[in-house]
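Protein chains: 4
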Amino acid sequence: MSDVSDWWSTDIIDMAPGQIRLRGHPIEELIGAVSFPQMIWLMTRGGVPSEAEATLFEAALVAAVDHGPQAPSIAAARMAVTCGLSLNGAMASAVNMLDDVHGGAGEQAVELYHRIGSADAPLAEILEEWRAEHGQFIPGFGHRFHKPVDPRAPRLLGLVDAAAEDGTVSGRFAAIARGIEGALAGEKGKPVPVNIDGATAVIFAELGFPAPLARGLFCLSRSVGILSHAYEQQQQGGRNKGPTPPGYRWTYTGPNPIDD
Amino acid sequence: MSDVSDWWSTDIIDMAPGQIRLRGHPIEELIGAVSFPQMIWLMTRGGVPSEAEATLFEAALVAAVDHGPQAPSIAAARMAVTCGLSLNGAMASAVNMLDDVHGGAGEQAVELYHRIGSADAPLAEILEEWRAEHGQFIPGFGHRFHKPVDPRAPRLLGLVDAAAEDGTVSGRFAAIARGIEGALAGEKGKPVPVNIDGATAVIFAELGFPAPLARGLFCLSRSVGILSHAYEQQQQGGRNKGPTPPGYRWTYTGPNPIDD
Amino acid sequence: MSDVSDWWSTDIIDMAPGQIRLRGHPIEELIGAVSFPQMIWLMTRGGVPSEAEATLFEAALVAAVDHGPQAPSIAAARMAVTCGLSLNGAMASAVNMLDDVHGGAGEQAVELYHRIGSADAPLAEILEEWRAEHGQFIPGFGHRFHKPVDPRAPRLLGLVDAAAEDGTVSGRFAAIARGIEGALAGEKGKPVPVNIDGATAVIFAELGFPAPLARGLFCLSRSVGILSHAYEQQQQGGRNKGPTPPGYRWTYTGPNPIDD
Amino acid sequence: MSDVSDWWSTDIIDMAPGQIRLRGHPIEELIGAVSFPQMIWLMTRGGVPSEAEATLFEAALVAAVDHGPQAPSIAAARMAVTCGLSLNGAMASAVNMLDDVHGGAGEQAVELYHRIGSADAPLAEILEEWRAEHGQFIPGFGHRFHKPVDPRAPRLLGLVDAAAEDGTVSGRFAAIARGIEGALAGEKGKPVPVNIDGATAVIFAELGFPAPLARGLFCLSRSVGILSHAYEQQQQGGRNKGPTPPGYRWTYTGPNPIDD
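Residue numbers (the UniProt record's numbering), protein chains in the order written: chain C, 1 to 260; chain X, 1 to 260; chain W, 1 to 260; chain H, 1 to 260.
Rather than coming from a laboratory, the hints here were simulated on the basis of the structure.
Here the structure is a predicted model, which means the values were calculated and not measured.
Any given hint could turn out to be false.
Pulled a few chain H residues facing chain X out of the computed Cβ check, cut under 10 angstroms [said to hold, decoys possible]:
id	residue
1	A76
2	G84
3	D100
4	V101
5	H102
6	G103
7	R144
8	R249
Backbone N, C-alpha and C fix where the C-beta goes; we use that ideal spot for every residue, glycine too.
If we strip away everything but chain C, and leave its shape as in the complex, we get:
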């Protein structure tokens, strides 16, 4: 479709009646031939990964699908269904929530790893620089709930180690993440282990994904949990089931409170 308008231009898809090509591949040659993770890779960045690369990539997609109904995205999905939204509307409401605080942590972690990987300065100096720019929180490390450790992270890092051993990836970003763990433990006097964002960021960085895709791929992965909870809520029925557990009331701090 090499014509007419510079309105949108794309490297991704070309179509004519009866024909669809994705990154140059006829769709009918992809269906049944590439796995879904390979297709995600092909679409988002081009090229078809080897099976070993796709398997490591897949592990990151599998790991982040859900973190329970108190995660804002999942809560939003379930609320949306009780407000009458269809599954697409519930998924949209939920994915919108995966902004800087949730979706952004993985993106920032990839950026931080790259900065460390390309710098000559000592790690402590780079962390200090990062904090001057972004605040105290180092993205991808520590967890307010999973103490002592997020069970997903060591499993993912173990897969990266295995992939480094067989030459699928270099292992340098796993080393960088472990370096940060060490530095933070030294600072705090207790473990601040890599979390799910930090571990998936290692995988995305090892496989050469640019940082912004870490956010997008997290959204894709979490969409699985979002859909699952939205559908489960739809099956349960229930209208109007707000975010409010029984007996809950918020605190009013303004003028002229109601006496009760």
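With chain C fixed as given, assemble chains X, W and H onto it according to the hints.
Showing chains X, W and H alone in chain C's frame:
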């Protein structure tokens, strides 16, 4: 987590500090062990599919990822990025568009197949009944752009046939879809072939997915294309790039038009 | 702009460089001359209401702006901000929630009033017919929280009465709503008074707004509260403040629960 | 409601059964007593403005309601309806688009005015500093379509002048905006007049609104046009009406284009 509140209740996820179980499976036993399509299956409906089932399921997920920038969802994603939205916001804006017209066709097709499969009445009668309820359009058949045929559909049906031959699925919903094709061709005097919605609906029905998940799984699949286009647009830069190609103006039909 | 394309056509706006007309009125003649409620009326349905009509309309817009942080729309807005969304993203996430359960009640109430107003059948029969189609719940009546009465409803109905007295409106839809109140009280043996949706629906019906706009106008009105809460939350700061009050955990009902 | 939980806390609303207070005012004392713009003011920042203040505020709300179907927000709303979304879903999809590029310009303009108003440095220096931080584009000035001038801006500035004369506002932010106009005209050798974002920013700044509310108030105002177009599209019917005008095709720039 068997306590406290009936606010939300779920069969999907259980958590404690350091522990996450999805449908009863510790997450660290799933990561690296199940494929992403198997995880999607486990999350949305429970159970882990066989590899043969997962492969057929995967084909449906691969097939629907993109249909070009003129598809409203993809267009919305690209517009959103040029308005300054982050990738999660662009994905949300786009998935919201996958309502009854787009996301709903697959869901309706599964419903129609089930109705036909469980009815004693002749096909023509059931189609008539469907049209009385839903209008003339039979969901999952025909395509305004892909003439004579959507290249994705025969490939998907071929995979269903192969899966029926090796006993992975029964093949009865493929037969139902072909029956509808025959009936519509007879009615119109020209082919009205099964399209992407109709073909993925055959797969979802063969594999036992309930109809509403056809919509949700389409949203998941299309999210891949949405993310890819949003990210490509983000790389291209460009602000404010509305939906308007050069020279385009809308038609004003109200009172007191501007003379020009 | 009377040319070119039938892509979009609109009675609402016409533009040329240096010129903007809304429903035929140059924008510079509207600014400073019509009130915001008059502009809302002009834009959504055409025509500029009298001041008396605009005042009654305005009362409905003022009444529904907020119903506290446990209302799903307000909760979604505040959650969104703690997830890092900008105000527009928070507002979008929140307005999406105003679907059939919240936004739809006013729309349905207008439809019900019109059905009653144009029917020859006795009220009890029409309510029965409505319930056969829509379920037991009569939209616009009763409140799970505001017992005995929603303080907004009698005030709004009082304004309708005053407007009927001075000839601004007919008062027939207020009479219809009171008829429904009477019928429901008779059925239940206790008051089931008109609520905010039912009372604003009376105003919209009296003023000649079509039913779907009742939903849209509610979204506009509630957007004020949504914005206010989103902005307040933004000022408070706080990251990640999910929907989960302290100590809250959901109920897991699936296989293999975590022992704790 | 002075109890229980620090989950959400708010100065905005307090409720008990049968009672609703907004910023301390019983809702039934506000309905019919304050105008919709006064209510927006009370909700977003507290306090009830004088009628003169409310009138100036209202002019800004009236001015920005619509900018035609090629504006991304309006286009998204109309697309959403043709995809089957309800009015709330269409409004949400559209408001989500009002991010940094559209909604953010007004917010940035207020920030810039405040910076200029509180600085000792000469204007040229502050503009240079702004551009070093934000890029060449000065928010609130110039228009790619409305040459020579956006008809809304001079009308709004005229109302500010009148309000300054009668003492409602100081007029200092109007003077700042005109100073910027002068500086930009000097730079470019042609007029770069204040646009709708810059003019409404003057009003919001004169009235003491903080910068982020400029974005939120623009979203409220534009929601009126969004609703109007969504409802008009719903009345027109039409399914699947993508963003694509007849004959439109995008440009494919990737490998292996389809020969045609």
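Check your understanding: How about R144 of chain H: closest beta carbon in chain X under 10 angstroms, or not?
Key -> holds, 8 angstroms
Check your understanding: Hint check: is the beta carbon of D100 of chain H less than 10 angstroms from a beta carbon of chain X?
Key -> holds, 3 angstroms
Review point. Should the hint that V101 of chain H touches chain X count as held when the rule is a Cβ pair under 10 angstroms?
Key: Given a least distance of 4 angstroms, the restraint on V101 of chain H holds.
**Study point:** Proposed interface contact between G103 of chain H and chain X, which counts if any beta carbon pair is under 10 angstroms
**Key:** Result: holds, 8 angstroms to nearest chain X Cβ.
Practice item. Classify the hint on R249 of chain H as holds or violated, based on whether any CB of chain X lies nearer than 10 angstroms to its CB. Key: holds, 8 angstroms
Point to revise | Cut-off 10 angstroms, beta-carbon criterion: hint that A76 of chain H touches chain X | key: holds, 6 angstroms
Check your understanding: Minimum Cβ distance from H102 of chain H to chain X below 10 angstroms?
Key -> holds, 6 angstroms
Review point. Hint check: is the beta carbon of G84 of chain H less than 10 angstroms from a beta carbon of chain X?
Key: holds, 3 angstroms
In this structure, every one of the numbered hints holds.
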